[in-house]
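Residues per chain, in single letters:
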Amino acid sequence: MSVAALVPTSKRGRGLTLAGVAAAWVVAYWVNGWVWDRLLFDGLGMEPTARVSETIHFFLYDTIKIALLLVGIIFVVTVLRSYMSVERTRALLGGKREGIGNVMAAGLGVITPFCSCSAVPAFIGFVAAGVPIGVTLSFLIASPLVNEIAIGMLFSLFGWQIAALYVVAGLSIAIVAGWILGRLGVQRWVEPFVFETRLGGQIIDSTAGLTFDQRLQMGAEEVVTILRKIWPYLIVGVGLGAMIHGWAPTDFFTTYAGPGNVFGVLVAVGIGIPLYSNAAGIMPLVQALHEKGLPMGTLLAFMMSVVALSLPEMILLRRVLKPQLLALFVGVVGAGIVAVGYLFNILLA
Amino acid sequence: MIIKVLGPGCTNCVNLERLTREAVNALGLDATIEKVQDYPTIAGYGVMSTPALVVDEKVVVSGRVPNLAQLRELLAPLAS
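One line per chain: the protein sequences are A and B, in this order.
Going by the numbering used here, the first residue of the first sequence is number 10, and it counts up by one from there.
Going by the numbering used here, the first residue of the second sequence is number 866, and it counts up by one from there.
Same shape as in the complex, but just chain B (with noise of 0.2 Å):
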């Protein structure tokens, strides 16, 4: 599992990173973080808002950022 946290590195995206990984622990899962910081690569994923969650290239989240338990339900199924 690729997951990717998109944004320029405010607060709320170093949160939603620090938080994804918290979840993946938790979760037990085979994942790599990534974080990506480039404009033109977020722009391709037709994000607007940021800081947003793609995994496996399938944005999930946009916007805002979940809470721990929030990204627990949203990444579980995910696993493949």
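Okay, chain A solo, but in the shape it has when bound (with noise of 0.2 Å):
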């Protein structure tokens, strides 16, 4: 079952739908802490201060309001990524310096869609119209690191101002970490298949002429596969941050890992690299955290560590990057994410 087949076909149907579709998610959003409240304090009539209905509580409100955010973020942004595609970006990009090829490629990073998947056929793509291998790399960084999901959430979170520090930060660590690999000239520890391989035939645009109807189909699907692939994640994440601020004394965090602990942010950026998670799953831990006394700085490290690092990732990119490479790569970002961790400590305490 498609969803566009649910769709009305009507021009004038199909815009109903779409503001109806806007207007529910806002209702939905805005009573659902009042639903929650309601259902459990008054329904069912428990103690709201109690540890266990706290973190029912969370766990419920939470899940929907991530549910919700997810839905509309990925939404919008994939139909706004929908005019934009690698093939575009490798135009762009052919040919440019190291140094403004850099910014660019993570500019670019954030707003292509670009599953990682396509990683391997895409990094031939590059080096074949000529990008530098660190601008290349800068846009596989910044690609996974500013993750558009996390940036809604921080903003719903935290507000704007953290939501942009950490496109910020993001930006800065794809574009030195691959300018860095680029000064490094780490040519030789590419894959020779990826220099012998010859980029036949006419490069295809993979979004060009889409008409904008199809624009919101590829949206609706793009957010059915993602919620189904990534709800366990959520449930867990929802559950642990739910735990965390049911059970855990307020400032726990402050006395072990705040802002006075030197190693606070290398610690999280230490766990953060091997877990696998989605942006979606691991906010309701870092929203619970934050509210236990983890500084900004190391959340957000850790946040990044997760996301823009991960064993499937890795995986993929071995086809392309020797050892060596993969490992240097590993270190110059996670280098930098932890730099960024210490930096937003100081700056925001």
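The hints are simulated quantities; they were obtained by calculation from the structure and are not laboratory data.
Just so we're clear, the structure is a prediction, and the values are computed from it rather than from any experiment.
Heads up, a few of these hints could be off.
Derived coverage of chain A by chain B (criterion: at least 3 residues anywhere in the stretch with Cβ under 8 Å from a Cβ of chain B; other residues may be distant) [unchecked claim]:
no.	segment
1	91-103
2	178-187
3	212-221
Far from chain B, some chain A residues (derived; all Cβ distances over 12 Å) [what the hints assert, rightly or not]:
no.	residue
4	Leu48
5	Gly52
6	Leu78
7	Glu300
8	Ala344
9	Ala358
Just a few of them, taken from the derived set where beta-carbon distance is under 7 Å, the chain B residues facing chain A [to be verified]:
no.	residue
10	Tyr904
11	Ile907
12	Val912
13	Thr915
14	Ser927
Here a beta-carbon is modelled for each residue, glycine too, at the ideal position from N, C-alpha and C.
Since each chain sits alone in its own frame, please combine them into the complex, following the hints.
Okay, structure coming up:
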């Protein structure tokens, strides 16, 4: 059953459907907290300040809230991104020098729709177009690191300043890390077949020529696809967050990992790198940890290391990057994240 | 009609192959469907975003998975 089959065919019908869905979304988001308050505290007579009630309330409220945010963000971002493509990015970056190339690549990495399964063909395509390795790496780093879901969640949880800080930090890491790797002359650690493969035929722009309706459809289908894929992570993330929210004493983390603790950021990144989750699953955890006193810099570093570096991505990149380059890649990006963590702890203290 | 599904084997590529088979069956087309997972060959078609669909050596879709209705619309006029 495709989403498309449910939508009316007339232009007016489609417009009304879109408006209706948007309105329903706003209403649902708005009444979310109120519904659970009434249901749990008035309806079931639970004590608002009891730990169990806090935990359950958090779990229900946050699950719905994050699900709604995901729907909204994924839909809007997918539609907007459908106007950009890897092929067009390649055309824009072809032949650009390092420096300016790194900056453009990082920016494009954020807005270009990019499935990590395309990492290898995209890499080959970039190299064939004369994009320097460092610039290509800036693109590959920025793409997962500055995650649109994370931006939306941070914005809704902590405000636009934190969200903006995250974007700037992510872009900076992508630019600097890519530039450093480029300067190190890492071509010898790229698998040879990348340079030997001839990109034949004409380059097809994957998203040109789509009608607006088709873009909306893509958005809706992407929402369904992603939700179906990540709902277990979401439940686990909200569950952990709910337990921390309900059971950990306030300021729990200030004692052990607060701004005074020098190792806080390192530990956070050390835990974050091997963890595999998506931005949506990690957010409720971030929210709860923040409530309990973990400083924002440490939190952002943790979140970035979870989403930017993951085992599945490393396995895929191993196809084009030799182990030395892969290790260097993880090292430089990890170091950048740690630096950002310390910097923000100082700035935001 | 020779149809090739290009992709390294991630879920999108698997979905594209499945939907393509359904479309071909639904249209009653005389077509063979192959999976191409080898990167040099994929690059040889000029494809940078997988999954992609190649019909009689011409790339018709790249970088996304069309739904069944869209695939049928795409394939029907190509039947020789």
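We went through each hint and held it up to the structure:
| no. | hint | in the structure |
| --- | --- | --- |
| 1 | 91-103 | holds (count 4) |
| 2 | 178-187 | violated (count 0) |
| 3 | 212-221 | holds (count 4) |
| 4 | Leu48 | holds, 37 Å |
| 5 | Gly52 | holds, 41 Å |
| 6 | Leu78 | holds, 24 Å |
| 7 | Glu300 | holds, 35 Å |
| 8 | Ala344 | holds, 30 Å |
| 9 | Ala358 | holds, 43 Å |
| 10 | Tyr904 | holds, 5 Å |
| 11 | Ile907 | holds, 6 Å |
| 12 | Val912 | holds, 6 Å |
| 13 | Thr915 | holds, 5 Å |
| 14 | Ser927 | holds, 4 Å |
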